[in-house]
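S.K.: First residue of the sequence shown? That's 1 in the numbering used here, and the numbers climb one at a time after it.
By construction, these hints were calculated from the structure, which means they are not laboratory data.
Beta carbons: idealized from backbone N, C-alpha and C, even for Gly.
Wrong hints could be hidden among the right ones.
[To be verified] For each label pair, taking beta carbons as the anchor points, the in silico distance ranges come out as:
| no. | residue 1 | residue 2 | range |
| --- | --- | --- | --- |
| 1 | E60 | T202 | 23 to 33 Å |
| 2 | E212 | R140 | 35 to 45 Å |
| 3 | A16 | K191 | 18 to 28 Å |
| 4 | V55 | A23 | 39 to 49 Å |
| 5 | D13 | A190 | 17 to 27 Å |
[Claimed, not checked] Straight-line distance between alpha carbons at most 25 Å, and here's what the computed BS3-like set of lysine-lysine pairs gives:
| no. | residue 1 | residue 2 |
| --- | --- | --- |
| 6 | K170 | K159 |
| 7 | K224 | K195 |
| 8 | K170 | K195 |
| 9 | K170 | K142 |
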Amino acid sequence: MFHVKPQYGEDFDDLATAPPAAARVFGDNLAAAAAYYGSLARDASIRGFIGPKEVPRLWERHILNCAVIGEAIPQGATVADIGSGAGLPGIPLAIARPDLHITLIEPLLKRSNYLREVVDLLGLDNVTVIRGRAEDAEVRVKLGLVDVVTSRAVAPLGKLAGWSLPLARKGGKMLAMKGVSVAEELTRDAKEIRKAGGGAATILTVGEQHLEEPTTLMSIPRVK
């Protein structure tokens, strides 16, 4: 159970905004997920990390959409979330899966500062923030090798594989949140994926029990 700090005296009933699926996905940690929703809806939107049109659909299109990728991650895994931005998918994943240790990697100072604020607010002791790019040598040294590398809307699949797979241990994998055109990207970028050490890719659908529009993942193992 996470211990959420009061939000500076503000009296917002963020729990009331949570759809029924949120209780199923987050369980005892629903309050932390609701506090994160509140931070995105107010603080992150004011800072320009979340577009104003996205606020009404934060739960379904962002928070739950990201949390359900935990269905594809083994128990107790180490995870690196690259290009974390406002914390998607890493923070919802950390709330839903406290057994995971997640490192958020974000190059921009204002965003990495925000991530640290959220981690502190939510009391996420299973989350670390590193400021930098996934391809930076310093980041790779700090991180070490992890079991799973996650990403969302960061780059084309081939380039993403070049950033993600070197961070995964051999036998680990990258999980990229992608749209329905992911099969086309896979065909187009197959050579780059192999060059990065990737093996046979699998397209996964997760969250079918919780979301009207389930999440599509590209899962690529590191084989060399």
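S.K.: Decide, hint by hint, whether the structure agrees.
M.R.: Going down the list of hints, with the structure as the test:
no., hint, in the structure
1, E60 - T202: 23 to 33 Å, "holds (25 Å)"
2, E212 - R140: 35 to 45 Å, "holds (38 Å)"
3, A16 - K191: 18 to 28 Å, "violated (50 Å)"
4, V55 - A23: 39 to 49 Å, "violated (21 Å)"
5, D13 - A190: 17 to 27 Å, "violated (49 Å)"
6, K170 - K159, "holds (19 Å)"
7, K224 - K195, "holds (9 Å)"
8, K170 - K195, "holds (14 Å)"
9, K170 - K142, "holds (18 Å)"
Hint compliance for this structure: hints 3, 4, 5 are not met, and every other hint is.
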